[in-house]
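Chemist: The primary structure of each chain is shown beneath.
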Amino acid sequence: MTVMPRVAICLTLLVLSASAQTASLQAQTAGYRIHGTVVNAQTGEPLPKIQVVIGGAEQSEATESTLTEEAGRFEFENLKPGKYWLEAEGHGFTRQRFEQHEEYATAVAVGPNLEIQEILFRAQPDATIDGNIADEQGEAIREGNVMLFRGGAHDGTVSIQMVSTAPIDDQGHYRFGRLGAGTYFLAVLTHPWYAQTRPGLRSRPAFNSRAASDPEPDPQAQAQFDVAYPITYYPGTRDPNSATPVVVGPGQHASADISLAAVPAVHLHISNAVGDPSRGIGTNVMERVFGTVAMPVPGETSDLRNGELEISGIPDGQFTLALRGVGNTAGDREKQISVSGDAQIDAADASPPPTISGMVRLDTGEPLPQFTALRFSSHDQEGTGVGVNAKGRFEFNGDENGLPPGLYEISVTAPVDLLVKNISATGARVFGREVDISGSNRVRLVVTVSEGHGRVDGRALRHGKPVSGAMIVLVPSDMEHNSSLVRRDQSDSDGTFSLANTLPGKYTVVAIEDGWGLEWLKREVMQPFLRDGQPVEVTAGGRLKITVDVQQPLAH
Amino acid sequence: MCPAALRRWTTFVVVGALASLAYAQSASGSQDSEAVYKLAGSVVNSVTGEPVRRAVVELRGPQRFAFTDANGQFEFENLPAGQAGLRVRKPGFFEEREAGQGSLPETTRIGPEATPVVLKLVPEGIIYGRAQDGAGDPIEHLPIKVIAAVIYRGRKHWMERQMTLTDDAGEFRLANLVPGSYYLQAGPIWDFDNPHGIEGRDQSFPAVFYPAASDLGGAALIELSAGQQVNTNLILSPAPLYKISGRIIGGLAGQGVNFEFFDALGNSIGFPVTEQPGGRFESKAPAGSYTLEANTFGGRGKQLVANLSLNATSDLSGLKLVLGPVPLIPVMVRTDETHPSPVSLGSRGTPVPSVHLSQAGVLVGGREFWDSSSPESSSHVLENVLPGTYSVEVSLGRGGSWYVQSVESGGMDLLRENLSIVSGASIPPIEIVVRDDAASLRGQVAGEGRAGGMVVAVPEGAPLRARSATVSMQGEFLLPNLAPGSYRVLALDRRDIEYTNPEVLDRFIAQASQVDLQANDEHTLNLELIHVHE
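Quick note, the sequences are listed as chains F and R, same order.
According to the working numbering, the first sequence is numbered sequentially starting from 1.
According to the working numbering, the second sequence is numbered sequentially starting from 1.
Everything labelled a hint here was simulated from the structure, so no lab data went into it.
Beta carbons are placed, not taken as given, at the ideal position from N, Cα and C, and that holds for glycine.
Certain hints may be false.
What the hints assert, rightly or not - Pulled from the structure, derived: some chain R residues nowhere near chain F, Cβ distances all over 10 Å:
1) VAL47
2) GLY111
3) ASN176
4) VAL178
5) PRO206
6) LYS243
7) GLY270
8) THR296
9) SER314
10) PRO327
11) THR338
12) SER391
13) SER395
14) ASN526
Unchecked claim - As a list, the in silico DSBU-like pairs of lysine-lysine whose alpha-carbon atoms are at most 35 Å apart:
15) R:LYS302 - R:LYS243
16) F:LYS545 - F:LYS506
17) R:LYS243 - F:LYS80
18) F:LYS545 - F:LYS80
19) R:LYS243 - F:LYS49
20) F:LYS391 - F:LYS421
One chain only, chain R, in its complex shape (with noise of 0.2 Å):
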């Protein structure tokens, strides 16, 4: 054939083949690699079964989207063979995962043998109520919080999750939560506005914990499992508000002072705070008991502190917030080095430890300080560390084989005992001692749904200092730099469990295994996942 020919036979046939490709539908079972599949599935409520209409099912791998239709059941077509990531939306509505059931997200396989998809959605638990006086009265604009417990590296912190008002029928509903457990908060509100109240004096609503606790101590978790919506009404009684009133000692004249309000939870509050002269302050709150803190710049712009807990049930008057300097914590840290490193490329030198200090017996946030170090020079301190009660935890960074043996302050064990800082007083140094013969652990875990669990070893007598790894696809977890002990090593299919808590721990401690690791030791060991129901 002519060259002109020939070319325009071979575009005839390249085009052909293109459009036989693009119209391939029906190419299931084809050995073609552009062949395309189907994949269909349905979304279930995961507490009813019954199908979810108007889901949203989004795939990834190619991204497409699609609606469920009335009976949950949703298709998407074209798609080329392989895996893909599945996840599904609605409103009112958690996927596994985000409600804490299950561990990885759904993949799932494109082909000629594949099977419906059943994808699940957990409905959401709604609160909801109405609080009033004790006449019967709505109250207003009262917040209403919800706190959650979050589980962070086998430690429960308290945080308050949503907030809401109510409306003006007293009426309030908080949606979208997540099942679990919750406390219940209202209030306060302080009106200071308010010219007429109790006994001839502003009114306000001190804060109730649900169901009608001044605190959090005597307030009764909510258990909110999936779907449920609880009601739950709050009778708030109106009390005056005190007067707090007091002096601040040790002030520069004509530098002003910052004040702050702290609830139980360590949340800050807005009670207005006025300064007067004479260094005097004056300030109002409902009944409850509170943190005051005072903060102010001295000489050559240092930094003064104090602070006061104050318990409001009467007028309080004649209160004293001695102001002294922001305490500085030196850290000291004394390395034992039982081997000497080899001198060869790649040894590293001593690690440095981190310091971290978090406000202990604080429900709900809290502060939190760390240690300002430099590389370089073998002692660091904690500066502008505020009063307070702290609990204390030194990590190391990975590598090598070092462990934090001790942590000591002052005659204290920092490792089981918290810190307390007072304004004023002199702080002994930190002392912590780390030494390089730590012991390991590594091995296999066994069972299904391992992937994406934990291994948690607890030191015997020392359940703070426990440790976790997560477990990897293959079932292998390690655990590096522990010191030499005995432990409890034990394997679980969630990460949100409160493993630092012995009671906790009470519930799988049958199931775990022993363990004496010596220095240095390198231990390999095999576990049986435990699979924690909730």
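Just chain F, with the same shape it has in the complex (with noise of 0.2 Å):
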């Protein structure tokens, strides 16, 4: 099962009867059971004080907790036939499903005819990523915060999604606890403490009438101080696409220590900062991590109370720099802008930041079901998700949404399956499914959605006996060009799956044993396994029922 509730859960009460005879005697009695014991699933060791809670598989809310005692046992007893999903967390056990592998994990199906197992619930222990911040003395920097980002591919899709930040402590100590396996990276925004700006390229005079008879100071001594940091990523480099992942197992610790290099600070004069001279401006230089959220960069901004704003103590770079009128956000505006060293920049062209705004409909005219949210995603990031109001309405502001100028493809994720049918957008250029969103604009969408999805569930079997656990890869025909077609689930204790959402076409359905580490997303990868997977071909609105063979990861 799918443990994400963004991807909808249709989960069918389990009616198919498995091979095994058992004698319930659990049914004649007061409802079932499931029971087992949760152990460290690095060491093996039973582990107590863990809370376990349990909950029907079409729920997300809890019904019940408990807390496994010295032998890490626990119970849950009275339950109605069908399936339930089995959480589990602790110190130094993050939460987790039973056998979460990525957003996927295995739900416990218990009923007449069901063999009732002992549950041995290997939870993860959590791992850690710690490190110290320094400048290129070596000294510790005390200020600032580290960004952690998680790598990962949903779908088809590679994404890097920000996951926390942690601040940096006096002895330049950061530390991430708490973390799953996964492949991360870091990026850590900060100023040097000793940074002083000098006056800007039209500053008013200085203050101190003794600047007037000061010889001039020796303009290299003082450019040391005129310095800023730009967002360094994981060891210590300026280029995301150079940033060195860290990855960690379960239970492991890494240590990451990041190395910052100041580089020279950069002057910005802003003219035509905003219509009326006579309110404050507020502004914010945005620089963007790893291509997705916008973070605010350190620096001083002075408003020349003429329109005018000097802005100085930023690294050079490309930045959103961006102006609110204070008391006036129907004012805000924005303008990308690229410096590599002092700049004049004339925001006469700022415009309103980019909106998307629209309507999703349902072909047949009927209300769309609650829910129904959009996903813009591209092909190198995640993307974003926007809820759709009742009335079918949404709208956005794409900056603060991660979603930068660019490609995306539009999907539909709902509790039932919806297919995007047509798009016809103003202010944006549609391709298809796919629309160009340029910066700067105020983009209109209209998107017509059906039920046209399909669906695959199925049964998981060696020897005709259920598999749990398997991972389940829908695999397109042609999977090199269509990766966003791929779907993936994992097999229940009682061997069922459900592929939803799937688009329709030409697929083989592979269930692999202890497949969670192969790279799925590849096509030689997956190739030497639809030999033995079930061919199935999807249409909309079909469902289909299959059963394939489970097969095991091969030898290296």
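Assembling the complex is the task here: the two chains are given apart, and the hints tell you how they should meet.
Modeler: Structure, rendered in structure tokens:
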């Protein structure tokens, strides 16, 4: 089953009979039981004091919880037949589901004719990443934040997403705990403590009258103070494409020290910053980290009170200059700037931040189901989901939501299968299901959707017996060019799985036990499994039921 | 010479002169007013005496910056002669003035005879540690606060200085602390969403004050000296959350009520309170002492308030919050004129005292109220004073010879006792008597480092009415508008002394001068500066 609610789960109640005959004594007493032991997945030792929580497979709310005792055991009784998800959490074990892999987990099915298994919940211990931030002289940096990003692949798209931030302490130390195994990236945002900005290009004369009699100070000596730190990626580069990933397995600890190098600060003079100069101007210089989230860059701004601004103490780079009339949010404007040195910038052509708004309609004219959302994804990042209200309307600010100008594929997520049928737009160009959103425009979209998805439900078997926890992959016939068509699931305790939201086409369904380490996005990796997979043809609105033979990962 | 040639020659001379000035680097000893000098010095750790490398020294007048080198040395060149200010910074250190040591900023002479300057940096204090529960497991996301005393106008106020949260290993670290005395508070956390807990109830961690007290009264002060790192480990025991419920009485039907919990230190704590039909309310809190306040609007937009002190040691039910109008306290001022004011230009009318109530007994923060008064009317009011206990301060503007002789309410002397305001009860007016035969005290302070210090005059038997004045650069002081009476007067070289506290004063009282001031006395007194060593 899939854990993340944004990919809708529609599970059928089990009606399939298992091959093994069991005398289900429980069925005669009140309800069924799920019981087992929580152990450390790495060491095997049983874990006491773990909170185990259970909920019905179709619900996200827990119905019951318990604490494991000394031997790590837990038990839930009086359960109605059905599928349940199990979740465990404790010190050193971040919240995780039973046999969780990425966003998939195994649900436990109980009911007549099902083997009541003793659950062995192998909980993966937390990974941690910590390290020290230092400057080019080796001195610890004491202020600022470290941002943690996680790299992953979701349904065919590789993405980097921000996970959390941690402050840098007085020893230059940061720490991220409670991490799941995975591939991470780190970025540091901070400002040199000793930075002093030199007077701007057109600043007012110094208050200090002594300055008039000051023989020219040594410019070189003062330049070493007029510096800034660019956003720096582990281990110490300005270029996000050269960022080194930090890979941690379960329970592992990785140390990642980052070294910052100061660069000369840049001074900007902004003219035509605001329409009404008598009001103040609020301003932010924003930089995208890994091309996703926009962070404000530390620096100093002087409002020259004549509609002009001076910005100093920022590094060179590409930024979004955001201007706000104080007390007048309707006057927010933005401009993309690229600065390599001191510069004059005319903000007359700054335009309102890109807003993307519009409507989603069902082709039948009926109201949309609740919790419908639009998803904007591009080939190099996860993109964003946007909620659609009851009337089908949506609106959001692209920059605030990590959606820089670019080309995006639009898809719909909803509790029922919906397929994007047609898009019309003003302020952007449409290519089939893709939309080119360039900045500084107000984009209006009308997205027509239909219930055109298909679904494949099935059971993963080996020699006729159900296999739980296997990775199920729906492989399209031309995987290389259609990676966004790939769907995955994990088989539950009774072997069942469900591949939802599948677009019509020809596929092969493959079930691989212990396949979670495979690079399933690569055609050459999946190729050897296709022969023993199950071919299917998905039609719009069609529902298929299949069985698939479980394969073993190939020996290396 | 022909005029053209003269002009050219003049130009050449002027340019030449400027050129020679620009390169006059080694002009020390020159009589030329454009001579330049160097200023050199070093920065040292005030505790160890070791040099501090890579500190930033800022020169003011002209403004320059320089790093200290590996030996803590710095140098500025090309400076015109004169006085300049010097400041020094480095993360992990404080300037002496910031750390409460020393009073005035450094200035130094730049010129031919300048000697190297030594600047001191005071290293920070650090408090670090780990929080765990009784079983030895770390407690995550536990708020940790340090509370420090701040002395302002002779009174000690406890203020929250820094706050942090423990990480997933239960560890915390608070750096950048000025040397001083601190209390450490851990928690509370109340995890309302945690369905699993103690005895089947929701789990919480009540606040603990280092080392293991449930309130500030039993807490130990952590004495943090410069450069010291103190390890404080805390053990907190989880405790059940208690249900707190009761009824609101006197509210308007259909009108929502705002509830707010305050802890014993006067901080607002966000325990959620749910209102139920029939005026009932419900909340949950960990063990501890709190004040629950409610406010709403009654008929004609009037504000209604109620408050209740509670000590949660078990479930509390049947509580009654009785709403009543916000008390209005009339303030009446009587002026006793002993001599009629001369009818001449520049005479002042009767002064308007301003009344200030500050919440007594609350250690950190606390509420304050000032009266609203119009200059024209002779009576004014204190509005919207929420129930509580307050100490009363009445101040007069400067000028003339007025002083506050007495402040009373319902027969209570508010200059010595606190004012207690209970919701629902009416409060007698505050009567202030102001007289115009004040005395004053002035004089000279002798002693090294007197500039920036203070002179304190403590009336006999009334330490809370002590007054202070700053000593000028020339050593002079002036304390006007003093009530006639007997005073002990002393001069201290620091302003952060809690002089309203008799225990603190006792350290210096032997060196104080005794003065008896009569009405209209203008007394002159010379004092020896007392050096306070901390």
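Chemist: Could you run down the list of hints and mark each one as holding or not?
Modeler: Against the structure, the hints:
The claim that R:VAL47 lies off the interface holds: its Cβ sits roughly 17 Å from the closest Cβ of chain F, which is beyond the 10 Å cut-off. Non-interface status of R:GLY111 relative to chain F is upheld: no Cβ of that chain comes within 10 Å, the nearest being about 14 Å off. A beta-carbon of chain F is positioned within 10 Å of the beta-carbon of R:ASN176; the least distance is around 7 Å. Against the 10 Å criterion, R:VAL178 stays outside the reach of chain F, whose nearest CB is about 14 Å from its own CB.
Look at R:PRO206: its CB is around 21 Å from the nearest CB on chain F, clear of 10 Å, so calling it non-interface holds up. Residue-level check passed: R:LYS243 sits 20 Å from the nearest beta carbon of chain F, beyond 10 Å. Taking the minimum C-beta to C-beta distance to chain F, about 23 Å, the non-interface status of R:GLY270 holds against the 10 Å cut. R:THR296, annotated as away from the interface, keeps every beta carbon of chain F farther than 10 Å; the closest lies near 31 Å.
Once the 10 Å rule is applied to beta carbons, R:SER314 is consistent with being away from chain F; the minimum gap is 24 Å. Listed as a non-interface residue, R:PRO327 keeps its Cβ farther than 10 Å from every Cβ of chain F; the least gap is roughly 37 Å. Remark: the non-interface label on R:THR338 is consistent with the geometry, its nearest Cβ contact in chain F lying 49 Å away (cut-off 10 Å). No beta-carbon of chain F comes within 10 Å of the beta-carbon of R:SER391; the shortest separation is about 38 Å.
With a least beta-carbon separation of about 34 Å from chain F, R:SER395 lies farther than 10 Å from that chain, consistent with its non-interface assignment. A cut-off of 10 Å between C-beta atoms confirms that R:ASN526 is not in contact with chain F; the least separation is 38 Å. Distance hint between R:LYS302 and R:LYS243 is fulfilled; the C-alpha atoms sit about 31 Å from each other, no more than 35 Å. Proposed proximity of F:LYS545 and F:LYS506 is supported: the alpha carbons are some 15 Å apart, at most 35 Å.
For a cut-off of 35 Å, the pair hint linking R:LYS243 to F:LYS80 stands: about 33 Å separates their Cα positions. Proposed proximity of F:LYS545 and F:LYS80 is supported: the alpha carbons are some 25 Å apart, at most 35 Å. With a C-alpha separation of about 26 Å, the suggested pairing of R:LYS243 with F:LYS49 holds against the 35 Å cut-off. A hinted pair counts as satisfied when its Cα atoms are at most 35 Å apart, and F:LYS391 with F:LYS421 qualifies at roughly 19 Å.
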